[in-house]
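A.B. asks: Can you make the complete structure from the sequences, with help from the hints?
These are the residues of each chain, in order.
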Amino acid sequence: MMILKSITYEEYNNQPEHWKLELFDFRPINLVVGQNSAGKTRLLNVTIGLAKLLSGKSKMFRSAQYDAVFQMGADEYHYQLSINEGNVTFEELKINSIVKLSRTSNPKIHDVIFAEQLNDNMQFNTPPNGLAAFLKRDSIQHPFLEQLFDWAVSTKHYLFGSPFGKDHFMALNEDNDNQLVPDDPNLIVQAFLAASKTHGDDFKQQILEDFEKLGYPCTDLMVDRERGIGSNQPINIYSLSVKEADLSSSTSQLQMSQGMYRALALLIHLNIGIFSKKISTLLVDDIGEGLDYQRSSAIIKLLIDKAENERFQLIMTTNDRFVMNSTDLDYWSVLVRNKNFVSVVNEKNSPDIFEEFKYTGLSNFDFFQKKLFSTSY
Amino acid sequence: MTVKKLAIFVEGQTELIFVERLITEVIGCKNIHIERCNARDNLTKIKTKEHNECTYYVLIYDCQNDERVKTEILDKRDSLIKNGFSSIIGLRDVHPIEPENIMKLKRGLATGVPTKGISIAIFIAKMEVEAWFIQEATHYQKINDQLTNQFISSNTGFNPLTDNAEDQLRPAPLLHEIYSLVGLAYKKKLNQTNRTVNALDYEELYINLPTKLPSLKAFVERLDSFFT
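If you read the sequences in order, they're chains A and B.
If you read the first sequence in my numbering, its first letter stands for residue 718, the second for the next number, and so on.
If you read the second sequence in my numbering, its first letter stands for residue 1343, the second for the next number, and so on.
No lab work stands behind these hints, which were simulated from the structure alone.
A quick note: this is a predicted structure, and the numbers were derived from the prediction, not measured.
It is possible that some hints are incorrect.
[What the hints assert, rightly or not] Taking lysine to aspartate or glutamate and the EDC-like style, the derived pairs with C-alpha atoms no more than 16 Å apart in a straight line are:
#1 B:LYS1446 x A:ASP1069
#2 B:LYS1448 x A:GLU1072
#3 A:LYS1075 x B:GLU1440
C.D. replies: Right, here's the structure in full:
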């Protein structure tokens, strides 16, 4: 499994919109905390943005400068990318310090990529408005690009604090035989149906098992006619529905509390990724939002257990007290914004601060709220 | 009559049940009113005015989290002062801090704690409060006849009479191991905690064991000074 080791990002250099994320070191499990507008959501957007560019799923940005390091087994992939006015001005991939792909905007210098079968560099010329790392994919000559592509397509991004598809349903006349999980995470009913067809009952049972661990014991999960919308609709509308263990009737996604629905939606997406073995990095914005302390603790524990057992990288953001108190400080990175510069404080770059805090007897939330990360005792 | 008020902040259900029983057994229940409260109640349960006939009012506050004792004390301090409390005691385990860092923990717990307005002292149980339970050698046979000191010693390597429980890294799992010898469990469930707390000899815990267990000694001395 490839994991993201670090990222540095900058956009609109020397312009009023200039924004810079200083070196962010990732670990296998990460909880990113910070005040509102510190850059938590943006960090995830920057990361998923790179994944979308590398998987050809995104239009070219107007301005971006990435410096990303990945770890694949013993190999270190160092990928750099500069985009200006929608065109690539610099792109380079080094594996263990050996250049495998090099591209500049200087017409006097040839863009080259290493070809494995030829055992030599070959010149190339790709359109400036696309990444060579994507456009030059060739599993025979450039298998190293496949590793980046695989990471990119299996990086998943979910907004836990959003409605998360609670207000998205499925009409009966939609293609119910579709086994392709839609890219849009809001299409939860379609995603659940498609994955159920592919992975069978085990898939549903795993979701129910996980849901119970979060304090939601349910005996069934199904797609059912959504009765909460009204019967005057021209077509039948279907939604997710659960049979709660202590209730005689089922609870539709419309009837669920926002916290309960979000937890269910995340579990469905998470298990789709695990069952299809297409999850390398899981990005979850505002994890735990809307959950009580017990369930916040439970969802953090479940995600960490899954990430460790299924070997995917976990990057979560929060400014929620419950989540902070239930997540080991070892996983923390605190984002600090100074004007348009965002820096990170974590155990790697500030070990003394983290070590000393352990003995204060204070809660993790105090570490954040009282800004104890910014000073030593 | 002026009611003397004490708030004790503990990190979980086990400590709450134990401390309440310890105070009741040792101080008696005649002139004392004990109230339980937890982090969710947010001190709304304090009704000290209704107990003016008592000499002492003790609020035992369950922080419901390992690392929240000091935080909750600092959060609730002002409110307790306003309600006429004169003393706050905190009790938390050393675990998961390593034993070699106990002095750092003690210093850290004392740092940033205001000294004016109300007396605050945070005590530690080394390494867990269950150390005090496993050292109380007379309680085992009240749980099960087979649990003699020799039987426990030969099966677990820990002799409740001669070994020191504060040297144990994880007293709670050891207590579970001991009970497991006779098919019982100690997983901090309510009924299991009650079973142990009901079996403990509080005279032993208050009078004799403190000489062997410095962390227990510090805690009971503080209780003693409040109630005398």
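A.B. asks: Take the hints in turn and mark each one as holding or not.
C.D. replies: Each hint tested on the structure:
A threshold of 16 Å between alpha carbons decides the hint, and for LYS1446 of chain B with ASP1069 of chain A the separation of about 13 Å falls inside it, so the pair holds. Pair hint LYS1448 of chain B plus GLU1072 of chain A holds up; C-alpha atoms about 15 Å apart against a cutoff of 16 Å. Among the hinted pairs, LYS1075 of chain A with GLU1440 of chain B is consistent with the structure: their alpha-carbon atoms are about 11 Å apart, no more than 16 Å.
The structure is consistent with each of the numbered hints, conforming to all of them.
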